[in-house]
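Please build the complex by placing chain G on the supplied structure of chain A, with the hints as guidance.
In the order they appear, the protein sequences are chains A and G. Residue numbering for the first sequence follows the numbering used here, starting at 220 and increasing by one per position. Residue numbering for the second sequence follows the numbering used here, starting at 37 and increasing by one per position.
In case anyone wonders, no lab produced these hints; they're calculated from the structure. A quick note: this is a predicted structure, and the numbers were derived from the prediction, not measured. Hints are not guaranteed to be accurate.
DSSO-like mimics (lysine-lysine), calculated; alpha carbons at most 27 Å apart, straight line [what the hints assert, rightly or not]:
#1 194(G) - 143(G)
#2 146(G) - 73(G)
#3 194(G) - 228(G)
#4 228(G) - 284(A)
#5 90(G) - 284(A)
#6 284(A) - 146(G)
#7 194(G) - 73(G)
#8 143(G) - 268(A)
#9 268(A) - 284(A)
#10 90(G) - 73(G)
#11 90(G) - 228(G)
#12 228(G) - 143(G)
#13 234(G) - 143(G)
#14 134(G) - 234(G)
#15 146(G) - 268(A)
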Amino acid sequence: MTYKNQLINRFAVLSVAFIGLSACAAPPEGGGTNDPYERVNRASHEVNKGVDTVVLRPASQVYGKVVPNPIRRSISNAAANLDEPRSIVNHIAQGDLQDAGHTFFRFLVNSTIGVFGLFDPATGDFGLEQRHTGFGDTLATWGVREGAYLELPFLGPSNERDSVGLIVDIVANPLSAIVSDSSDVQVATSVPSGLNSRFEFSDTIDSLLYDSEDSYAQLRLFYTESRRFALGEQSSAEDGVDPFDDLFEGVYGGLYEDF
Amino acid sequence: MKISKMNRRRVLLTGASSVIAFGLSPAFALTEAEATKLINSVVNDINRAINSGKRGNALFRDFESIFNSYADVPTISRAILGPPARSASSGQLRAFSKSLTGYLSRKYGKRFRQFVGGEVQVTGARAVRNFQEVRGVVRAPGYAPFDVSFVVSDRSGKDKFFDLLIEGISLLKAERSEIGAVLDRVGGNIDKLTEELKRLG
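Chain G on its own, in the form it takes in the complex:
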């Protein structure tokens, strides 16, 4: 009798704690499964875009909309801009974000365009610090397979990726260096940088 009471209490306690855990789940880091699900959608859209037969601006627009729906654009913008992001107004940041996504879509769209007939395949995910790294392989005719990783976080309130690693090379780092150089050239003026990015990439 005593034992079964204990058991009941334990069951209740376990139940209660799992309810609490469940109720709090947004505060917990996103799971590998959730991150993988997001990247599977990204990858499906990328595969469709690459093999859609579209070229030039039409294809870049596809990449831009993929980027806008799955990437954490505000965070990427701030990370790429670096310290100047702190002193920028929200209007300036919005304008910069918009011109940045266009620039990135053109620049990386051109890269992915080479892989017509190919596809990206998700191979696994793992937790790294507070986020998930979803790994994949790009296979395309005429090219040796190469690794890509999407770094995913839910801190923006939604599951979004905020970095892309190609053979270990971080897009965020590369663009931070690159756009930092452009910012230097225009004398640290964010508005001028935003204008510059419209014609680069």
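Extracted from the complex, chain A is given alone in its bound form:
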């Protein structure tokens, strides 16, 4: 594919993404669960669970037990390092120049002293810990609401805003502007990095997916709440609209008011 074609392709995907965004379902006011596509979501949850049972979980167990921890860590570090240019661009887009600078120096240190990101001296020796962000976060700071909850087949929990963010993150990766043909390296590191996460958090993920009475509802709650928390949109029972009112139709909110 020629470079021009590639650009046109990317532009097309981006346009579709933005059209999708403007058609977001009604936003959840104050933070309840907005899940109009629950039936479809539950179907893809079953697909994802099946993929985890058959592929992801066993593969991660083999990877985790066969490959020594320092090597796994280095590969995960390298994968994370390749994500940093995207974080820098998004921090700038969010108007957060401090985090952009922080992440820029982190990327510089880890790409040089850290040998192409295999090691992470930035966190240990320079106090430059990871401040990861993506286009979903950028959309949030631009005031785009999260929209309906979505569980994407093979990709897991998301929402309308984050799905657009994900597409943009994949299609418009600034790394490819720095290094051509970077996508092979990125795939080669991000797949084992994903397996490593599945391995390291296997207790938590296993318990969520396989021990839970309703793993779909738990995953939805975990995703939604931790995203809002990460974006600083919600914290426990903050003032304003009670986030608990919507979810439990006042029962929980009422109990919180008892305190």
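Chain G in isolation, oriented as in the chain A frame:
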């Protein structure tokens, strides 16, 4: 002369009002300092339990006793049970509470068990609505630090926490959804739910 009289009156008035305020203090929301003190004790006990070298049921029993001494168990039980709590008898509620604390201790004890060698550190507190949110960080070898918050209230008559937020995820909400699903499965029968919880977690 006149001025000093005024001053005296003002001093007396101020004194009187502070006595009133002091006398009424239980009616005022608990302070950040009080809430932080409670959570510091909780956190010390958790740190001790994680690093005690205990495993399995012995460790879960430690977590259960921490939970029983510092958490507002009756309120948590009612919040998790939801509307069915209203029609339940006090005996049913007590039995449910007991089996709930066991379930929660096993389930969350397993999570905290991963953080051997780590510790929870309290970082601050702030007033939210009628209660205090005490924030902390969990640092453990091999894991990225993550945030926990304890939501504390004194409405039960004692300073107790009634919710735990891990990276913003509310234990109360998660368990309300989870246990609600179990309750649906057993046809809304609280006694059956209580039995179920004894083997879950």
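Which of the listed hints are not met by the structure?
Violated hints: 3, 4, 11; rest satisfied.
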